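Enquirer: If you want the building blocks of each chain, they are given just below.
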Amino acid sequence: MKKSRVLTIAAAAVVSTIALAGCSSGSDGGSGSAEAASCEPSDGKVTLNFTTWVPNMDKVVALWNEENPDIQVKVSIVPNGNSGTYQNFFNQLQAGNAPDIGQVEYDTLPAFRVQDGLANIASCDGVSDAKADYADGLWNQVTFGEADSVYAIPQDSGPMALYYRKDLFEQAGLDVPTTWEQYAEDAVKIKELGGSITNFAKGDVNQFAGLVSQAGGQWFDTADGTWKVDMGDEASTKVADYWQDLISKNLVTTLPSFTDEWNNAYNTDQDWTWVSAVWGANTISSGAPDTSGKWAVAPMPQWKDGESASAAWGGSSNVVFKGSEHPAEASKFLVWLNTSTESLEALNKEANLYPASTTGADLPALTSGVEFYGDQAIYEDFAKAAENIQPFTWGPTMTQTYSDISDGFGAAASGDGTLLDALKSGQEKTVAAMKAQSITVE
Amino acid sequence: MSRTAAMVIMGAFTLYFLVPIFWLLVSSTKTLDNFNSSAALWFSPTSAQDFVGNVGRLFTYNDGIFPRWMLNSIVYATVAGALGTILSAMCGYALAKYRFWGREALFNIFLGGVLVPATALALPLFLIFSKVELTDTFWAVFLPSIVSPFGVYLSRIYAASSVPDEIVEAARIDGSSELRTFFTVAIRLMSPALVTVFLFQFVAIWNNFFLPLVMLRSQELFPVTLGLYTWNSNVSQYPELRTLVLVGALVSIVPLLVAFLSLQRFWRSGLGSGGLK
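In order, the protein sequence lines correspond to chains A and B. The opening position of the first sequence corresponds to residue 100 in our numbering, with each subsequent residue numbered one higher. The opening position of the second sequence corresponds to residue -4 in our numbering, with each subsequent residue numbered one higher.
Honestly, the hints are just simulated from the structure, not real lab data. Incorrect hints may have been included.
As the list claims (entries may be wrong) - Straight-line distance between alpha carbons at most 30 Å, and here's what the computed DSBU-like set of lysine-lysine pairs gives:
no., chain 1, residue 1, chain 2, residue 2
1, A, K144, B, K126
2, A, K144, A, K230
3, A, K288, A, K265
4, B, K126, A, K173
5, A, K230, A, K327
6, A, K144, A, K173
Please read all numbers here as calculations on a predicted model, not as lab measurements.
All chains should be built: construct the whole structure from the sequences, respecting the hints.
Expert: Below, the structure is given as structure tokens:
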């Protein structure tokens, strides 16, 4: 999801303050939460609080409330996670009045895990069966690879692919690039025609993390209990050098994404492609309405010809917060919300969510052609991309990491330093931030 | 400086302040398609009907949550603003007119309060309200809003200069109780300052954002600032919310304009009367 820089930084500052405060008081609860607690149903009628930012979630939940008089869910719709809601979750956990259920993006799950804010719902009824509904890589995001642990139920996902202007590529006599090498060659040709192949969003580290993960990079690793941070591995270096080259040669625009100028660049044929997630389909169709019918979707360009690696950008899950008195009922509701056809259909219709559950990919709305994309059934292409998402581990201080790297990216985009420098300094600051939170870093 | 130069500079600044408002006005008359494709600072041919459509959608979207937010803001701002003004007036009057031990120290503490940004207090307040289980209630936003150190400061200064001791004495001799003296005599003499305090309070509460963000999670309690922010935080994924945010922002400044225009008369006469003495 898009985030405003200023807010991200403010959020990072506040979160780290709270995290520091949280260390002292949280230490008593920090032990042994890996083993799944028993998950006994509560007696009598239960009301669950569910805090989310997904518009119209209340309408989807109304379907559940109608059929389950004993487990009523009360929905609160708040600003999105990085716009303050994550901070509030941390505050509420600290104060002991967190909601039962919350919306958390995959990249922020580790932050809550590290603060011991998530209930392990692995032993709750139906949770382990839900595993079958998800691709392994995605399920791994909610278990952190720990045995007997499930900390969230995946809701929506953001498989990435290449959006491109079919008409412009045809006019220019160019094929759709299938490799990054070809993409760079096309960039030169497009530049000669007065356009730009794409925009490198200097503030959007999420997208870049997706590109790195596609190349096989891993910024964080916690396999043996301690955190390792490596933003300068071979894959990251390769991706950073690649985009640095495009930026240095002025082959890409460097507008901040999701702004009016940015929309305008797409609406006026300036930018020709966008490597983005499934939810980006909506962003383009509403941001560049004049280009209707001229777009198409292809798999992401590959580093080696013939491969089919993809990555994820965005997507979120539902967690049960520690301290909830009704984990059994909450889990039951979450399994329904995120794997039942009834709910997935409603989520897709009301909130435009692309389901993380593989059963959801068969929804009629996701198998028919989309007019804006020349009647291509683009969601089927994204479903294929979803199967090839490369695994990627997120760090426990992502909000801060994003803002640190994004500072460096901004400088690099204006010719001051390089993307690789930004990654290096991002790594140093991330390690420092983790140490400041008493997280063991190797 | 010559008159022309002064006018040019003033004109430039006026423009600088008015252009964003004009932009907001223009933008709220556009559909999302027009917004992205037509000139940013001028109306489109269908502006009039699009504006009506936008306002209609604004007031009906999500079962009419926007009018609810407006109502919340109005209640928070007028009720808490008025109550806060009365409290400030009483406090300032007491500090100005009574001599008691620790008076200056107390006043200096209030003065110090002016320097503490409300944002810095939001988190501690959240933890306190959590203890008494008042978070996510009307009171969580209302109670902190009735506190105004600046109002106390202004009331004290104004009470000291505009409520003569002789009048208070005279009232006492006539047998009026202290409370009655305050509510029937002092408050009238202080009214120009109180209008100012009320306006400041009204605007501060209307614009208050961080406190509700931290305290509230039920949408039906949101003030309009937080509500619009909630929508705006989702614009990248749900672009159709953008027009709602724009029209909503325009509509949300209307009560502020009304408050200013209707109270301006009292305010100006107050500023003038201070100099007549």
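Enquirer: All hints are to be evaluated individually against the structure, with a verdict given for each.
Expert: Structure-based check of all given hints:
1. A/K144 with B/K126: Roughly 26 Å between the alpha carbons, so the hint for A/K144 and B/K126 holds.
2. A/K144 with A/K230: 28 Å, holds
3. A/K288 with A/K265: 15 Å, holds
4. B/K126 with A/K173: 22 Å, holds
5. A/K230 with A/K327: Holds, at about 27 Å.
6. A/K144 with A/K173: Distance ~13 Å between A/K144 and A/K173 Cα, so the pair holds.
The structure shown violates none of the earlier numbered hints.
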